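Trainee: Each chain is listed here by its residues.
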Amino acid sequence: MSNEHAHTHRDHDEDPRALRADAIESLLIEKGLIDPAAVDATLAYFENELGPMHGARVVARAWSDPDFKVRLLADGLAAIGELALGGPQVDHLVVVENTADTHNVVVCTLCSCYPWGLLGLPPAWYKSLAYRSRVVREPRAVLSEMDCDLPLDVDVKVWDSSSEVRYFVLPERPQGTDDLDEAALAEIVTRDQMIGVAR
Amino acid sequence: MDGIHDLGGMQGFGPMVRDDVVFHAPWERTAFGLAISVDIVGNTDEFRHSIERLDPSFYLSADYFGRWLGALETRLVDREILSSDEVDERVGGSLARPSAVLPNGLPSSSPDGGPVRDVDRSPQFEVGHEVRARDIHPVGHTRLPRYVRGHRGVVTHRYPAFDFPDSHAHGRGPDPQYVYAVEFRAADLWGEGDHAVSVDLFEPYLEPA
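Chains as they are written, first to last, in the numbering used here: chain L, 1 to 199; chain P, 1001 to 1209.
No lab work stands behind these hints: they were computed from the structure.
The model shown is predicted, which means the values in this text are computed figures rather than measured ones.
The beta-carbon is built from N, C-alpha and C at its ideal position, and this holds for glycine as well.
Among the hints, a few may not be true.
Over the 10 Å line for every Cβ pair with chain L, so calculated as not near, a few chain P residues [stated by the list, open to error]: (1) Asp-1006; (2) Val-1017; (3) Leu-1102; (4) Glu-1130; (5) His-1137; (6) Asp-1175.
Each pair of labels, with its calculated beta carbon distance range [unchecked claim]: (7) L:Glu-82 x P:Gly-1173: 31 to 37 Å; (8) L:Asp-153 x P:Gly-1014: 26 to 32 Å; (9) L:Ala-74 x P:Gln-1124: 49 to 55 Å; (10) L:Ile-188 x P:Arg-1018: 18 to 24 Å; (11) P:Glu-1207 x L:Thr-102: 49 to 55 Å; (12) L:Gly-86 x P:Ala-1209: 33 to 39 Å; (13) L:Phe-68 x P:Gly-1191: 38 to 44 Å; (14) P:His-1024 x L:Thr-102: 33 to 39 Å; (15) P:Arg-1121 x L:Ala-74: 36 to 42 Å.
Quick partial rundown of chain P residues pointing at chain L, CB under 10 Å, derived from the structure [stated by the list, open to error]: (16) Pro-1015; (17) Val-1021; (18) Asp-1078; (19) Leu-1082; (20) Val-1101.
Assemble the whole structure, with the sequences as input and the hints as a guide.
Mentor: Below, the structure written as structure tokens:
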């Protein structure tokens, strides 16, 4: 990769993992197994083309168009295809709906599966040992620590993404948003709502 | 394998720390870029298993992309594309050198073939069926989490067939199997709690309850 940091700082204070990444990268280049330009292009795609803005469009459409919402809940992949969305790690999509009395939250306890095509790469906390170990066992406590306190009369369902099926939470439309159009609604949807750690 | 990666329900990992960053340092970005670009690291199941095979102390201390980097290196070493000595030489030491606890089985890989597969047989279970997650302990890669083994649940979704990770990670071909979302009650899994946990389970992981 063309990032200067990896090739210029070789002092003793540097994280050994950084040196190791650099070493493996240079060996792979020398052996002709990777093309640095192709790796850069792939990274640029992940960093620039993917992100929660895609998931937010899906939510805003579902909030604005009841027929779309029905299709989305019935066949997630086909419905997001209507918005020309899909992409990596979204081969089979199940959309689960949060309501006044049900709250869904998504995890991957075995690794860190995540719908990259709709949300981008996951934040560090989603991949943390604490989140992966605890949210299937004590979701209310985990959510509370993330400033999402669920009333006791709200049922909680945790989805452990242990196959290639990816889960995506459709949050409840907030009250007082009747005047917002679809584009404005997309602006207020957060990544955390679509994972299920915010209401 | 009953590995350190199988974290569901384990205790002692502390409170949630809200760290929203994707890449903390350039090397994490490099590790990700290399791992997703080098076809020769194998299919997704093989790569996941390479992460699971990392020495548990390495796994716990390496952070997410440190594990990717360690798995990438062990994979490249397994495939005899490079040696860790070569990497050490370039690094100027063996710090952060990964070690793996189990062999990965056959060194050849079968590619990702598009995960949804057609199979020429009927699914064994339907929505509403009561099932039990088998209490089995495969030595190699599996996507049957420990915390549901032996427990009863209800099928809530029947999905198409997907490459079977237990086979696909070990060079034994895709062997596609139906997948089901199975809902368990927290009280059954943990002895307490009022929530439900849904886990996606491949058909060979299940038996009628």
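Trainee: For Asp-153 of chain L and Gly-1014 of chain P, compare the CB-CB distance with the range 26 to 32 Å and indicate the outcome.
Mentor: 29 Å, holds
Trainee: Taking the minimum C-beta separation from Asp-1175 of chain P to chain L, is that value above 10 Å?
Mentor: 14 Å, holds
Trainee: Taking the CB of Phe-68 of chain L and the CB of Gly-1191 of chain P, does the distance hold inside 38 to 44 Å?
Mentor: At roughly 42 Å between Cβ atoms, Gly-1191 of chain P and Phe-68 of chain L fall inside 38 to 44 Å, so the hint holds.
Trainee: So, as I understand it, the hint says Asp-1078 of chain P touches chain L; can you test that by seeing if any CB pair is closer than 10 Å?
Mentor: Interface hint status for Asp-1078 of chain P: violated (14 Å vs cutoff 10 Å).
Trainee: Given the hint of 49 to 55 Å, is the C-beta distance from Ala-74 of chain L to Gln-1124 of chain P inside that range or not?
Mentor: Given about 24 Å between the Cβ atoms, the range is violated.
Trainee: Using the Cβ atoms, figure out if Glu-82 of chain L sits within 31 to 37 Å of Gly-1173 of chain P.
Mentor: 35 Å, holds
Trainee: Against chain L, run the beta carbon of Val-1101 of chain P and see if the smallest gap drops under 10 Å.
Mentor: Interface hint status for Val-1101 of chain P: violated (17 Å vs cutoff 10 Å).
Trainee: Could one say that the CB atoms of Glu-1207 of chain P and Thr-102 of chain L fall in the range 49 to 55 Å?
Mentor: Because 29 Å falls outside the window, the suggested range is violated.
Trainee: Minimum Cβ separation between Val-1017 of chain P and chain L greater than 10 Å?
Mentor: 7 Å, violated
Trainee: Given Val-1021 of chain P as an interface hint, is the shortest Cβ-Cβ distance to chain L below 10 Å?
Mentor: Result: holds, 5 Å to nearest chain L Cβ.
Trainee: May I ask you to test the hint 18 to 24 Å on the CB atoms belonging to Ile-188 of chain L and Arg-1018 of chain P?
Mentor: Given a distance of about 20 Å, which is inside 18 to 24 Å, the answer is holds.
Trainee: Within 36 to 42 Å: is that where the Cβ-Cβ distance between Arg-1121 of chain P and Ala-74 of chain L falls?
Mentor: 25 Å, violated
This entry does not satisfy hints 1, 2, 9, 11, 15, 18, 20, going by the numbered hints stated previously.
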